[in-house]
Amino acid sequence: MSVARRFAYTFMKEVGAPVAMRAGRAGKKKKARPLKPHFGPPLKCTSRLKEIMTRHYFLSRYAEGAKPVAWVTSGAPVEMLRPFDFYTVYPENHGALCGAQRMGPELCSVAEEKGYHQDLCSYARIDLGYFLSGKTPVGRLPKPDLLFASNNICQTVVYWYRVLAHHFKIPLILFDTPYNFQEINDRDVAYMVQQLEEMIPTLEAASGRPFEEHKFKDVIRMGKEAAHTWGQVLATMKAKPAPMTIFDAFVHMAPIVSLRGLPVALRYYQTLLSELEERVSKGIGAIKNEKKRLMWDNIAIWYKVRDFSNLFAEKGMNFVTATYTNAWSETIPHMHANQPLESMAKAYSLVILNNNLNHRLRLMEDLIKAYDVDGLVIHSAKSCKPYSVGQYDLKRLLLDRLSVPSVIVEADITDFRTFSEEQTRTRLEAFFEAMEG
Amino acid sequence: MTRTEYLMAQKQKDRRLLGVFPAQYPKEILWAMNAVPAEIWDPPMETSQASAHLQPYICSVVKAGLNLILEGKCHMLDGFLFPHTCDSIQNLASMVNDYLNIQKPCYFFYHPKAPYRASSRPYYIEQLKALITALEKAMGPMDPSRFKQSVEQGSALGALLEKIYEQRRSGALSATGADFYRVLRQGEYLHPDDYIPKLEAFSASAGKGDRSGPAVILSGVLPNPPEILVLLDTLGVRIVDDDLMNCSRRFLFHGKAVQDPFEALADAYFSLPPCTTKNSPIHKRIDTLMEKIEKTGARGVILYMVKFCEPELFDVPLLSEAVKRRGIPTLVLDVELNQGLTGQLSTRVEAFVEMIS
Ligand code: SF4
Ligand code: SF4
Chain B
1 MSVARRFAYT
11 FMKEVGAPVA
21 MRAGRAGKKK
31 KARPLKPHFG
41 PPLKCTSRLK
51 EIMTRHYFLS
61 RYAEGAKPVA
71 WVTSGAPVEM
81 LRPFDFYTVY
91 PENHGALCGA
101 QRMGPELCSV
111 AEEKGYHQDL
121 CSYARIDLGY
131 FLSGKTPVGR
141 LPKPDLLFAS
151 NNICQTVVYW
161 YRVLAHHFKI
171 PLILFDTPYN
181 FQEINDRDVA
191 YMVQQLEEMI
201 PTLEAASGRP
211 FEEHKFKDVI
221 RMGKEAAHTW
231 GQVLATMKAK
241 PAPMTIFDAF
251 VHMAPIVSLR
261 GLPVALRYYQ
271 TLLSELEERV
281 SKGIGAIKNE
291 KKRLMWDNIA
301 IWYKVRDFSN
311 LFAEKGMNFV
321 TATYTNAWSE
331 TIPHMHANQP
341 LESMAKAYSL
351 VILNNNLNHR
361 LRLMEDLIKA
371 YDVDGLVIHS
381 AKSCKPYSVG
391 QYDLKRLLLD
401 RLSVPSVIVE
411 ADITDFRTFS
421 EEQTRTRLEA
431 FFEAMEG
Chain S
1001 MTRTEYLMAQ
1011 KQKDRRLLGV
1021 FPAQYPKEIL
1031 WAMNAVPAEI
1041 WDPPMETSQA
1051 SAHLQPYICS
1061 VVKAGLNLIL
1071 EGKCHMLDGF
1081 LFPHTCDSIQ
1091 NLASMVNDYL
1101 NIQKPCYFFY
1111 HPKAPYRASS
1121 RPYYIEQLKA
1131 LITALEKAMG
1141 PMDPSRFKQS
1151 VEQGSALGAL
1161 LEKIYEQRRS
1171 GALSATGADF
1181 YRVLRQGEYL
1191 HPDDYIPKLE
1201 AFSASAGKGD
1211 RSGPAVILSG
1221 VLPNPPEILV
1231 LLDTLGVRIV
1241 DDDLMNCSRR
1251 FLFHGKAVQD
1261 PFEALADAYF
1271 SLPPCTTKNS
1281 PIHKRIDTLM
1291 EKIEKTGARG
1301 VILYMVKFCE
1311 PELFDVPLLS
1321 EAVKRRGIPT
1331 LVLDVELNQG
1341 LTGQLSTRVE
1351 AFVEMIS
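Chain order of the listed sequences is B and S. Reminder that position 419 of the first sequence reads as 419 in my numbering, one-by-one numbering, no gaps. Just add 1000 to wherever you are in the second sequence, counting from 1, and you've got my numbering.
Because the hints were derived from the structure by calculation, they are not lab data. There's no promise every hint is true.
Unchecked claim - Think about it this way: if two alpha-carbon atoms lie no more than 30 Å apart in a straight line, the pair counts; the simulated DSS-like pairs of lysine-lysine are:
1. Lys1324/S to Lys1295/S
2. Lys114/B to Lys1137/S
3. Lys1137/S to Lys346/B
4. Lys395/B to Lys1307/S
5. Lys1284/S to Lys169/B
6. Lys169/B to Lys1137/S
Said to hold, decoys possible - Examples of chain B residues toward chain S, derived with CB under 10 Å:
7. Trp160
8. Pro171
9. Leu174
10. Arg187
11. Asn354
12. Pro386
Just so you know, these numbers come straight off a predicted model, no measurement behind them. For each residue, glycine too, the CB sits at the ideal point set by N, CA and C.
Could you build the full structure based on these sequences and the hints that come with them?
Okay, structure coming up:
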């Protein structure tokens, strides 16, 4: 790490970033917000969230050479990296951001020209497209010193990170989490704990810092607390009317994914929680006329978040829960600073996508009951096989067991070239009829 | 005798039959339990029933396998084994076990993923033991001496396959490409008592092959549609080696004397050629392919991709680039299983062969 770069990074963190954020705020104030007739007052916290994430990407440009940089998968136990002061970048979060800004096809095409097939996960194609072209709406991502992946969300991330490791010629640490086909047993936990222990020397070498247990335990506490608070944030949507929509949550989940284990994430969710609790106490709903409550399954369709948000709000339908947003609050709060590695192994291996489909069915039943859900929208995401394989049967089983109507939207998380407006409209119209009938 | 007739005959010998999905698993354990693995890679059937359960973007290996179950064509099987090969098979395993009410036991085999560390080997051995325990519940206790014998048999089989591959590399095998894979792939359901003699006869009957046509190496998942092999034979192409997921990438070429069967199986697993199903680093896959090209003087590489197969498709650009950098052309075939030979496909193959001839 160079001293000059460290200095530049610290300067930008202490001085440059606050100035840039202030300038951004001043610029924004001039723009008049369009009225949203079907929605309640917007969340005040949103501007704070934007600042946090903008600052994160802004500072990341200065991190290279100043701090060890790791590119990390969303399900990896990032708490292992925090004590070593890694600057962490989440290519999946970056992919979502590009998707929301409708840049998916452009970046995917760059990867496709190099031979990466259009059938591959579009987060991976966006990332490889960025790597090959340098195009991104965030300015620049820092070059990694280390890649940190876990196959607890999919095997895809490992195929993808192997490609990155090949190009960057840097170490790839894989946290291998046995799939919970029936149950995760002591042997599996011991294997995962041993892996966590084994990665410490590699992390020390890549960061040039020794492992300090007390720091690690603090991070665990912080990560656990932030995940727990995120769970409380989501739970406010049990109220009627719900104080936010799941489309808000898709955006507000960025810190729990990307900044987990850092104080900023915890502080942010504490603030958001207070705002939501206040809205609940005053009966302020996210949409004005909440007639039906819905659940979302799978990752967001990033380029359609706004359209869907408006469309459903117009119908008086609010998404109040999602398996996706729930993923960061389901198991991570079960980490313990007293048994950090063991509890971390369990928490990270039992996440929804590493868990059997019976678990998913039970979880969805529980969410449907807890949030008093009337209907379900299932996003069948071409990119994501672990999330999507089994959904057709889930739909059938939920209808049989709880008589919950549902609709399947065939789409993709970021690549809208395969999205059929026509097919989606027809399916949604039939769903709306069933819900309203 | 057809595959079904053979499997029926095994049943009559009081052997159990397990339907096994791709790709890598310890068959020796099944043999030791007096069970025959009947692997399910590419059953020749429509996938219409499976399409009611799986999205259009799921590979046809998974679809055809599920269709086989849904059409009730697995009635003679005593259960299923799902190795942890990829996301699609992982979820298929859970769908079959949790949602489809098929009334047959489902077993799951998790193998550790590279990069291997000290923890990987003991965990692999634990997984072997866990599989035995699970099978014992349905099939009764496994005889340790029989286990040792099975591992020895696996070792002998590995050595024999190695010899046959070497014969092919050196041109000492007259069999056509189509015949080679027809015989080899019988190992997907034959018991080793029957498979080993068959391979021995195949190896012994080998005459000098015709060395005039251009040599190619096959990579990818599996040689399906087989019509492509026939076309390559017709065009005089010699397939001199392969890096196929369902062939050389999972043959246990160990061949050492077996002391402890668990250790022997672990030795074999950890010395398998690099494969996406184990997340091997890409440079290792490239090195292996380059070595094969070096040894055989191959003039082209054909990558047999199954449509929507993420594990393989991720490696294609870097593998192709490395091979091309060496002046060797590649042909990537992105096919559905059992799709036959379309005009477009044959034109592409013919053009490729012309280029390397
Ligand atoms: S979208 Fe699905 S396949 Fe792609 S990285 Fe995320 S979990 Fe993996
Ligand atoms: S073809 Fe590929 S995606 Fe399909 S089962 Fe085999 S490894 Fe998995």
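(message) Output the indices of the hints that this structure fails to meet, ascending.
(response) 2, 6
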